[in-house]
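Trainee: Each chain, letter by letter, is given below.
2 protein chains.
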Amino acid sequence: MQEIILKENERIEEIQFAKLKLIQNPKGFCYGIDAVLLAKFCKAKNGYRAVDLGTGSGIIPLLLCHSAKFCEIIGIEIQNEVADMAKRSVRLNQLEDVIRILNIDLKDSCNYLEMNAFDMVLSNPPYMAKDEGLQNLGNIKAVSRHEIKTSLEDVISSAKALLKPHGHFYMVHRPHRLVDILCICRKHRLEPKEIQFVHPKKNKKPNILLLHCTKYGKAELKFREPLYVYEDSGAYTKEILDIYGK
Amino acid sequence: MQEIILKENERIEEIQFAKLKLIQNPKGFCYGIDAVLLAKFCKAKNGYRAVDLGTGSGIIPLLLCHSAKFCEIIGIEIQNEVADMAKRSVRLNQLEDVIRILNIDLKDSCNYLEMNAFDMVLSNPPYMAKDEGLQNLGNIKAVSRHEIKTSLEDVISSAKALLKPHGHFYMVHRPHRLVDILCICRKHRLEPKEIQFVHPKKNKKPNILLLHCTKYGKAELKFREPLYVYEDSGAYTKEILDIYGK
Numbered sequence: 001m002q003e004i005i006l007k008e009n010e011r012i013e014e015i016q017f018a019k020l021k022l023i024q025n026p027k028g029f030c031y032g033i034d035a036v037l038l039a040k041f042c043k044a045k046n047g048y049r050a051v052d053l054g055t056g057s058g059i060i061p062l063l064l065c066h067s068a069k070f071c072e073i074i075g076i077e078i079q080n081e082v083a084d085m086a087k088r089s090v091r092l093n094q095l096e097d098v099i100r101i102l103n104i105d106l107k108d109s110c111n112y113l114e115m116n117a118f119d120m121v122l123s124n125p126p127y128m129a130k131d132e133g134l135q136n137l138g139n140i141k142a143v144s145r146h147e148i149k150t151s152l153e154d155v156i157s158s159a160k161a162l163l164k165p166h167g168h169f170y171m172v173h174r175p176h177r178l179v180d181i182l183c184i185c186r187k188h189r190l191e192p193k194e195i196q197f198v199h200p201k202k203n204k205k206p207n208i209l210l211l212h213c214t215k216y217g218k219a220e221l222k223f224r225e226p227l228y229v230y231e232d233s234g235a236y237t238k239e240i241l242d243i244y245g246k
Numbered sequence: 247m248q249e250i251i252l253k254e255n256e257r258i259e260e261i262q263f264a265k266l267k268l269i270q271n272p273k274g275f276c277y278g279i280d281a282v283l284l285a286k287f288c289k290a291k292n293g294y295r296a297v298d299l300g301t302g303s304g305i306i307p308l309l310l311c312h313s314a315k316f317c318e319i320i321g322i323e324i325q326n327e328v329a330d331m332a333k334r335s336v337r338l339n340q341l342e343d344v345i346r347i348l349n350i351d352l353k354d355s356c357n358y359l360e361m362n363a364f365d366m367v368l369s370n371p372p373y374m375a376k377d378e379g380l381q382n383l384g385n386i387k388a389v390s391r392h393e394i395k396t397s398l399e400d401v402i403s404s405a406k407a408l409l410k411p412h413g414h415f416y417m418v419h420r421p422h423r424l425v426d427i428l429c430i431c432r433k434h435r436l437e438p439k440e441i442q443f444v445h446p447k448k449n450k451k452p453n454i455l456l457l458h459c460t461k462y463g464k465a466e467l468k469f470r471e472p473l474y475v476y477e478d479s480g481a482y483t484k485e486i487l488d489i490y491g492k
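Protein chains in written order, with this note's numbering: chain A, 1 to 246; chain B, 247 to 492.
Hints were generated in silico from the structure; no laboratory data involved. Being a predicted model, the structure only gives us computed values, none of them experimental. In this text, a Cβ means the ideal position worked out from N, Cα and C, and glycines have one as well. Check each hint, because a few of them may be wrong.
Pulled from the structure, derived: some chain B residues nowhere near chain A, Cβ distances all over 10 Å [claimed, not checked]:
| id | residue |
| --- | --- |
| 1 | Ala264 |
| 2 | Asn326 |
| 3 | Arg346 |
| 4 | Met374 |
| 5 | Ser479 |
To be clear about the criterion: a stretch of chain B counts as covered by chain A if any three or more of its residues have a C-beta under 8 Å from a C-beta of chain A, and this derived list gives those stretches [said to hold, decoys possible]:
| id | stretch |
| --- | --- |
| 6 | 311 to 323 |
| 7 | 444 to 450 |
| 8 | 465 to 472 |
Between the sequences and the hints, there should be enough to build the whole structure, so can you do that?
Mentor: Below you can see the structure in the form of structure tokens.
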């Protein structure tokens, strides 16, 4: 096995349920439940070619390899240090044959990748509009959280360009952006087909939105049953424990 | 008190929690929980001028009179027999000073009512697209359920025309039309501000959507806590019993 170099502040985290090892930098933006929920929400199939727009630590491509035998998965990440970390995580898991990390701006994806060619595009993009809340524009966490280097429309239009006709787009986002998300998806002919809301508890407002669109799909939206993260007691719900394989 | 004539098949139903009497025709389309939820979802204020687009039996204007002292409430209903029934219900409750029922097509509202003048427009419109499921085009129930005489866009554009700037639009609809609803509202500058989903039970998909928009509002969507109609036991939830004043 190759030697994997860990840089300052980095550590290796074992993701038991997917039998994966992931390099994380706790001073940067660490993956959260959102990425795990998105990987579980999407329908992965053997032989698929997929792209993850804004892959961060590479968690989504790594989790996808756990659920099907993909032909290839491209993870696109604009931040140099973060892309480098994702590449090392791919090597650590010996998945270089399937996963390729590209350190490019997702707006340029079509200059590097084949258009109208992928079965599936996923994204866990920055959630907050550029002007939402305080931010330090140069900071790695800020770029992962705010639409500084990329906008919702960049993500959606890139996904559209990369997907085959009838290909699948899966995104995790925040419910307060729902109107923008649905209107921009429809504008780019990624028709919303399935929505699932995730609530912290059953009597709380949803705080995570999972969306499935198909390119050139007909208008026919379905809802999945809501997902609750915690019981009233504070324990994880059975659904969440199932997702984490516990 | 005036004599109120009941026609064939009609009966008077007492709505205990609002101390109202409503004429209903069980062979036509009877009001359901949706109208009650919409009346409860909206924020009624004393002195408001309101319009209910597609008022049916007049249930929404009648319920609104229970929650605030409106200056006036106009109920618009295209079907002659239904509008006539609503007028008689208004008289039965001696609310002719506040509620006026107009037997017109809502697309013509601006020929009969002042534009840019109302504080609140509500609608519990037909839910199903013209081609969704079987229908008898001439039937009273079909007109109440399907977009035969009116479309979602007619309702939304009429609401926009009637409302004052920053006026409130409240609609109850089905979740599977969410994309159409949000895109058409935004197109007509009725910006979605609040959404509440109603689920039959806590682990079921939502089957009712409550929406609040403001005319020319800024993009800032909030969710209300979800509403569940039944407990797992089949009993009504506390929230629903509260709405029905039980």
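Trainee: For every hint, state whether the structure bears it out.
Mentor: Evaluation of the provided hints:
no.: 1; hint: Ala264; verdict: holds, 26 Å
no.: 2; hint: Asn326; verdict: holds, 33 Å
no.: 3; hint: Arg346; verdict: holds, 34 Å
no.: 4; hint: Met374; verdict: holds, 13 Å
no.: 5; hint: Ser479; verdict: holds, 15 Å
no.: 6; hint: 311 to 323; verdict: violated (count 0)
no.: 7; hint: 444 to 450; verdict: holds (count 4)
no.: 8; hint: 465 to 472; verdict: holds (count 8)
Hint 6 from the earlier list is the only one contradicted by this structure; the remaining hints agree with it.
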